[in-house]
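K.L.:
Top to bottom, those sequences are chains A and B. Just so we're aligned, residue 1 is where the first sequence starts under this note's numbering, counting upward by one. Just so we're aligned, residue 1 is where the second sequence starts under this note's numbering, counting upward by one.
No lab work stands behind these hints: they were computed from the structure. Hints are supplied without guarantee of correctness; some may be wrong.
What follows is a list of derived Cβ distance ranges for each label pair [claimed, not checked]:
| # | chain 1 | residue 1 | chain 2 | residue 2 | range |
| --- | --- | --- | --- | --- | --- |
| 1 | B | MET76 | A | HIS281 | 19 to 29 Å |
| 2 | A | SER624 | B | GLN20 | 34 to 44 Å |
| 3 | A | LEU523 | B | ARG49 | 32 to 42 Å |
| 4 | A | TYR294 | B | GLN20 | 51 to 61 Å |
| 5 | B | ARG49 | A | MET273 | 24 to 34 Å |
| 6 | A | GLU176 | B | GLN20 | 27 to 37 Å |
| 7 | B | MET76 | A | GLY611 | 46 to 56 Å |
| 8 | A | TRP278 | B | ILE39 | 42 to 52 Å |
| 9 | B | ILE17 | A | PHE293 | 38 to 48 Å |
| 10 | A | ILE509 | B | GLN7 | 49 to 59 Å |
| 11 | A | VAL264 | B | MET76 | 20 to 30 Å |
Covered, in the sense of this in silico footprint (three residues per stretch, anywhere, with C-beta under 8 Å from a C-beta of chain B), are these stretches of chain A [unchecked claim]:
| # | region |
| --- | --- |
| 12 | 78-92 |
| 13 | 239-248 |
| 14 | 298-308 |
Glycine included, C-beta positions come from ideal geometry on N, C-alpha and C.
Here is how the chains run, residue by residue.
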Amino acid sequence: MRIALAGQPNCGKSTLFNSIAGYKAITSNFPGTTVKYTETKTHINGLICTCIDLPGTYSLTSGDPAELEARRHLLSGEVDVIINVVDTSLLIRSLELTLQLLELEVPMVLCLNMMDEAQRKGIQIDSQKLSEVLGIPVVPTIAVTGKGLKELFIEVVSLMEEKKKGRVPKFSKDIEAIIGELVSILQMEWPVEGKVPSRFLAVRLLENDEFFVRELREADRTFNRIKSFQDRLEQIHGFPSDEVISSERHALAMNLFEKVSAVVHPPKKDVRMTIDHWVMHKWVSYLILAGIFYGFFNFIFGIGGYIEEPLIGLFEGWIGHLESFFGKDSLSLFLSKGVLQGIAGGIAIVLPYLVPFLIGLSLLEDIGYLPRAAFLMDIFMHRIGLHGKSIIPFILGYGCSVPAVMATRILEFPQHRFMVSILTTMIPCAARITIIFGLVAFFISPNAALAIFALNILVVAISGKILSLIFPYPEASLGLILEIPAYQLPPLRNTLKKSWYRIREFIVIAWPILILGSVFLALMEYAGVERHINWALSPLTHLLGLPTSVGTTLIFGLLRKELSLIMLTQALGTTQVLTVMTKTQVMVFTVFVTFYIPCLATIAALWKEIGRKGALVAVLFTLSVAIILALMTRIFLGIFPLW
Amino acid sequence: MPTTLDQVHDNQKAKVIDIQGGQRIRQRLGQMGIHPGDIITILRYGVLRGPILIEIHSSRVALGRGIASKVTVEEME
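Take these sequences, add in the hints, and give me the full structure.
P.N.:
Here it is, written out as structure tokens:
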């Protein structure tokens, strides 16, 4: 049994999914966070079901690749029941998708989510009546609190047995007549392999759906006939046929809404309006934006620095003891030092910054601040020749480059995806942020770390310009169209759970690799191999004026960015970096690590999203940028010694 | 008198008359619930020809100026 959760972006699908699946999907108050679908197996009434969280999609007519992914899955014929999740407070718009989903002729439950939000807006829904009109079960829920979920699954189970399909509300007579004719032609002359229902296909063709029109044009000559149907619609209504259908669906949704809803009181004025007045204010907003990110920065540094300092001292002491315990130059000393330094790097350097960073980011996401930041930054993105929506992958990039690269799917044009994918890998991910904090902020000063972040933004902007000159692409022909969701006060539990999910990824995946890497490096040091690697990389390290011993750490950084940091302490033989490196060297090293070649996981993601050539361009481009910037940092600090 | 969405003042309501430009723009705006006949409230303009924040069917949407200039509207009192 396969159950698919489908709905518009930001309607609470992922929250609902998570309450079924434990914690697997990433939720946030940001349209378009789920670009890949997540699956989970779950037991419902003793039945084993696979539950799929599809990317949010505003409609089923061709859109960006994330939306096409959702549609492809729904049409695959593998879905037994659809749970259509809607944000009840935005019911009119949501119903337009519901109407399209009904055309799929798959048993479906309508889940009226965010009931509390609707009530606050004074909207009352007669779910019984809605259920009668659409011929499908309708269940009100509040996913964040878990209200109504039990009832929802009771309906899902009974649907699995009954396999009852809904009723597709009809368009106006003249349109239905044209649809009817087209359906019979399609059924006779273009027998689709059962999976795509004829009515669904006919309506998509009348809407001039890019994907299906292309498919049909390749497969058959009936295309001209379809064009004639489109023309007929256009003649009757005086609008292009796609507009006719979408307006018609819109009208249907509005009628439906009026039939089943009552506005019992005007929307309650709440503080969110006042807050939003200032957060989105013409000028004040930018002060708030700067303030939030400055506060965020200090929050991470404050907590991280407070924890890092005593822990580093503690581990240094232990490592000193090891030497006297095992004796100099013994294999066991190298081994145990490797293990201890790997552990120390994780506990003392990575986690103190990673934990507050991820909690802070989750909080900003869940509250709904990020799309507002996108609104405020849009004009600046345009100035560097990027589509306003590019800000979404960029912001996600501060968490991890892999989802950021995948998030470029929300951009419609491949050329934009190519550009933004490459640029987004230059945004410091959580691992690199840790390095910036752990090295520069800690050993030099918080302001120096801020300078790196500022430099980074500047460089990304300039790189955007440069890349668009090398790889010209059509002007951002579609400007920003982005939903700004209402603020949500997420239950703290959800935010913490999400942060934990991301932190756990570091603990169970990255950390063991870090410890192994640290041991491996210690062994190489023992065997004298690392000297050869350092020798091979010495032209680079010499050029940048870095100690030769950091060469290996750069290679390890390709596996996981955190490795550069932990390996650094391993390669230098101390966590007190400043005893062996100058502040300038620390700065140059960090600048290089911030920009150079993305980690393997990111390269794999790039390969998948923008192809082999794109991934290669990304590698070469970031490497050259890193070398140039590190060199400039070295020269600049040589001329203006700031410390 | 018909004008375009980017010309309407803050806190004004406007009725959509037509959407210029290609199918893609119509489709994207349609998905946000913006069709001819719909009523839009203009909430605020971003600085430096930044995007416009509007309210449509009680949801809030940010539209770039370029997009907004493609939407023909009629100002309402």
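K.L.:
If you test the structure against every hint from before, which numbers come out violated?
P.N.:
3, 4, 8 and 14
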